[in-house]
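Colleague: Spelled out, the chains give:
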Amino acid sequence: MELTVKQMDREEFERQRQEVLAQWPTGKEVNFEDAVAYHKALPKSKIFAEKLAEGKASGITYAQPRAGVALINEHIELLRYLQDEGGADFLPTTIDSYTRQNRYKEAQAGIEESRVVGRSMLNGFPAVNHGVSACRRVVESVKAPVQVRHGTPDGRLLAEITLAGGFTDYEGGGISYNIPYAKDVSIESTIKYWQYVDRLIGLYEEHGVKINREPFGPLTGTLVPPCISHAVAVVEAVLAVAQGVKSVTLGYGQCGNLIQDVAALRTLPVLAEEYLNKLGYPETMITTVFHQWMGGFPQDEAKAYGVISWGATAAALGKATKVIVKTPHEALGIPTKEANAAGLRTTKQILNMLKDQTLPMTDDMALEQNIILSEARLILDRILEFGEGDIAVGTVRAFQAGTIDVPFAPSRFNAGKILPARDTQGAVRLLDFGNLPFTDDIKEFHKERIAKRGRDEGRDPSFQMVIDDIYAIGKGMLVGRPRS
Amino acid sequence: MELTVKQMDREEFERQRQEVLAQWPTGKEVNFEDAVAYHKALPKSKIFAEKLAEGKASGITYAQPRAGVALINEHIELLRYLQDEGGADFLPTTIDSYTRQNRYKEAQAGIEESRVVGRSMLNGFPAVNHGVSACRRVVESVKAPVQVRHGTPDGRLLAEITLAGGFTDYEGGGISYNIPYAKDVSIESTIKYWQYVDRLIGLYEEHGVKINREPFGPLTGTLVPPCISHAVAVVEAVLAVAQGVKSVTLGYGQCGNLIQDVAALRTLPVLAEEYLNKLGYPETMITTVFHQWMGGFPQDEAKAYGVISWGATAAALGKATKVIVKTPHEALGIPTKEANAAGLRTTKQILNMLKDQTLPMTDDMALEQNIILSEARLILDRILEFGEGDIAVGTVRAFQAGTIDVPFAPSRFNAGKILPARDTQGAVRLLDFGNLPFTDDIKEFHKERIAKRGRDEGRDPSFQMVIDDIYAIGKGMLVGRPRS
Amino acid sequence: MEQKTLVLGVIGADVHAVGNRILVYAFTQAGFKVVNIGVLASQEEFIRAAIETGADAILVSSLYGHGEMDCRGLREKCQESGIGDILLYAGGNLVVGKQDFTSVEARFKAMGYNRVYPPGTMPEVAVEHLRQDLGISK
Amino acid sequence: MEQKTLVLGVIGADVHAVGNRILVYAFTQAGFKVVNIGVLASQEEFIRAAIETGADAILVSSLYGHGEMDCRGLREKCQESGIGDILLYAGGNLVVGKQDFTSVEARFKAMGYNRVYPPGTMPEVAVEHLRQDLGISK
Ligand code: B12
Ligand code: B12
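Chains as they are written, first to last, in the numbering used here: chain A, 1 to 484; chain B, 1 to 484; chain C, 1 to 138; chain D, 1 to 138.
Because the hints were derived from the structure by calculation, they are not lab data. One or more of the hints may lead you astray.
[Claimed, not checked] For lysine-lysine, the following DSS-like pairs were computed, each having C-alpha atoms within a straight-line distance of at most 27 Å:
#, chain 1, residue 1, chain 2, residue 2
1, A, K143, B, K475
2, B, K46, B, K56
3, A, K355, B, K105
4, B, K355, A, K355
5, A, K452, A, K56
Quick caveat: nothing in here was measured; it's all calculated off a predicted structure.
Could you build the full structure based on these sequences and the hints that come with them?
Modeller: See the structure below:
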């Protein structure tokens, strides 16, 4: 199959499907007609796209945790707790890392060992191993819509099983679940894997079943400049819609400077609508998700509550449709259900107190919005140029050329040449542009901002500044000032 | 002695001093010359006014807890813990409620009972009973400057003892420590008591000792409109400076709407400087203190962290010189030292992350600042009119007339006619103006804002709306929407 | 049905006035006659008000933490004054610090209070109890 | 003085790359020769790299929680491969959840790791230990 943005044809899809469903015995449980019927019987309150549409219309920000453990009953208990004690509006099922790498045998070993030692030895819920009916038990045991959250380069079987299992939202994408989550998988192949997933969802939509798709916005979670994650989000939105997806939630990970974060949230749907429109795709429901700080957290729980609250504040003032919540255990390990619910309650207190407040438009905000829009357009237009109009082809070439480049990513298909650093107000700027197709004006803007910080700190900008920024929030600051 | 804003004469001061120092045996320990010498030997790092001046110059926001227990060693241990584990920039010594009502015998009983049962039976540190050298032990045991925080209508003896004891800051004022803290004490008498305190501090200043004064901004802590607390703050600043005080920290309690809170913080020093200048007083160092939400808190600790963080955010963005910190135990009882330090760490995480960020001026902000300035000026000008230029005399008359009126205050010398309620964005407005000397334009503005909320909620504004607002933050909201 | 009378106040050196104001409103709305002696109320004032108005119950608030010391002896004083059987309720933040409520309740019951309420109790709860204890049908 | 060689990597199905990048930088700055095998590294890759470069120590990172399963057996494999005495350090967020570190340390020491580090350990700490364990004077 040659790479193209165009909709996959039926035969190719069916050919792959055979192969995919045979990857693990539970694949046999998947029956599409039965799955469609199952989804149609779900109450509206359990359908992600429906609730997102409501929230979007009323300008509310919803809260959603991350959570997943190895065994089914424990997983259900966990989700119920987050719903009842945390007040979660949406529920997740976070998948373990073996499943993410399609290592189902190791996942199985993790399940067994968890049973023996009586605590979860896996960092998530191995949905493929548990199979379709187990997923349905999860969906039936809770009131809120449930989403699959993972980090799987090849998430085809996982999608087949969890969607047949009644989940109504699927996170990820061919770039966002490759570059931060893999080392040796080509972008061409992950785009294809994800076209399969998007086509599968397209089929559900054709049968009247609403499944929401959510590209993973934060990427490596560490000082990712908004233009990069926005460009990836737009590419993945286009790729998904091309396969028949009708409702997309675009994500962005908090950088920490309020103006930059709100500007990022406001420009994200603008860019997506602009490119979908320009490329001639049908009207799509676009919503946004804001991720509370995704980089290193402080170990102290009281400090972590401060970081969580600051994320909730930016989400509320930026009017994100939903916010993904961190917990006071973040720096140390997978949270207990209590810590997870606590993070949710802190977040909801802020969301509720701020829901009627807004951040007015100002010169600073307009500047920040324009910078993000211009930078993202430069990247996206170059991608389209590279692909001669085909965004899938263009993306592969753009990564090769470093035209789009994700900082700190493990993938060898990512150039890894850009270096981000904060300016003196904490906004994330670029210290090294790698091959980003920026104009001289824009480069000048970044240089000038970082130089100002250098002057404030009495040092030349360097990799040490970047390291200081990586540690900063964990050490109780935003800008990594020189250690004294 | 007749009431007047003018500086108290020496004989009157000495006459009262005899009387005051005789009120409790520890009064005998006070020796002014010795106290001046003691203060002069203190390092700069222990002097409030010095550190405040530094913070003001560098635009930093400091954090300070509230804390006090019955026994000396425990109190020292508590303060050290807040300094070392909480990172407190300034330390408090919160005085117990018996001492605040000059009931030293009951305070003594509380001390004894605390010794017997092994936990503090008093809600603060009974500094009068402990005496001068005990206070000095406190000051010598910590690194940060220490302030007396209380709520004492007649705090003359307390001031004599704690200032001789080496404390370098004294909270309170003739209005702010009367109206919210007493029932039957006339404003005339508390103004006089506080003129004594201010004169005492004036004497210290004349001897080269810097003592900072801090009127208590939040008053009853419950939906107090900024114009009211600002008017009180300016009156107390004028009264203090008239007696020789040279450095004043003006306070404001968080209302919850970010724009209103930042506007309030910005206008507070503007008003104080304007009136001090207009009335011909010498240049004074004015700093500001922001109080995290002073009304009812949520019982759940995770939610309380959200409220604490929101207060820290407003303090940082409003560039307050310091912020008084609440704790996750607020709704339930005096906090343990651990809970107190946790509130501090959450606050400091936010302050540090936000210290380089600002909230730009916008139309909304300008409107809010203008409203506060106009309203406060209307009140202050009427006070001066009532007093024929004498702010002390005018204040007494203004309270009688309800020209200045504090909501929910216990004092029978307060008219108690105004009723505050939130508008639909959560800003505190007035539902009933009582006798506030507002222009029709301003009244129209408030009415229109509250009417808008009524429409949003489908109900007529009433006392029920006020009650809902009082409960709101405790129940996880800002605006008290009708219970469904 | 005959209107029942309640004496309300905040005991000791306590000035917390907000909850008191809401309680007055809520109990009045619920049909009681409310005699409010406000904040900074001594035990003697509670008893005097109860005797003067022939009250059916005394509702003591204490928020500031000294409740344990301030509330002690009120039942005995009621007995000495001839209203030994009057209903006594106490609520607010009765003790210093965040303490286990069961033990707080036990201490106050031992002091002769009929009902004891944890922090943040909504007025409706006490209205319901008053109806039960005073035999009022809704 | 002769430069010591370290093999660095993130074991198992773990892709956390940020800490690894900083460690490479920090150990290089501290004067070591660093052979980085990056994320998603198998036990075999660690051993192969160590043998090929004649390394003095293997520093295993595990962040994602599966460290306990992934790290088990590495010492034995080293022994089988003839580098049984090589220094083995492990650090990161080694286990699932917030666990008491003393017990985590004990478990990893029992698996044959010479040093085990709690979450958030700064590179300087390990540099110091390497100097001690490899007999390098500053
Ligand atoms: C950024 C991040 C991510 C990014 C990583 C991007 C990338 N490719 O690098 C993304 C979002 C992709 C991600 C994904 C996942 N993550 Co993650 N992630 C983090 C986070 C927030 C920060 C990690 C980081 O970069 N820190 C900054 C660097 C500088 O510090 P560091 O990594 O700790 O490394 C330093 C030290 O630990 C030490 N060190 C490390 N190794 C060694 C070894 C030796 C010998 C020595 C001496 C020192 C040492 O030195 C390093 C440099 O200073 C942490 C939580 C935290 N720490 O706040 C979670 C965390 C590590 N992730 C976690 C999990 C579970 C996951 C996921 C499974 C998803 C999920 N369930 O949420 C996936 C797993 C993907 C996979 N297959 O590995 C958990 C692990 C839980 C546990 N151990 O119990 C954590 C702790 C969060 C949590 N509390 O749940 N994550
Ligand atoms: C506002 C406030 C103040 C204001 C009060 C203004 C005024 N004059 O009213 C100011 C700032 C002046 C103040 C001062 C002090 N306060 Co204060 N204050 C509060 C706060 C934040 C809210 C109280 C409030 O108004 N709540 C809203 C109303 C509607 O609720 P409520 O008062 O709880 O009353 C309701 C219920 O409790 C119940 N209820 C009350 N009584 C009764 C009785 C019965 C029979 C029943 C059924 C129900 C019932 O019904 C009420 C209506 O719903 C509380 C903490 C909190 N709750 O969040 C602390 C709090 C009560 N204060 C406290 C303290 C210690 C003080 C001070 C000593 C200063 C200090 N150390 O910080 C001084 C004491 C002054 C004095 N002499 O009394 C402590 C008490 C600690 C304890 N018990 O261990 C608290 C709990 C804060 C804390 N955690 O430290 N305070």
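Colleague: Now look at each hint and say whether the structure bears it out.
Modeller: Hints versus structure:
A threshold of 27 Å between alpha carbons decides the hint, and for A:K143 with B:K475 the separation of about 23 Å falls inside it, so the pair holds. Pair hint B:K46 plus B:K56 holds up; C-alpha atoms about 16 Å apart against a cutoff of 27 Å. Between the alpha carbons of A:K355 and B:K105 the distance comes to roughly 50 Å, so the proposed pair goes past 27 Å and is violated. For the hint pairing B:K355 with A:K355, the CA-to-CA distance comes to about 24 Å; that is within 27 Å, so the pair holds.
For the suggested pair A:K452 and A:K56, the alpha carbons sit about 39 Å apart, so the restraint of at most 27 Å is broken.
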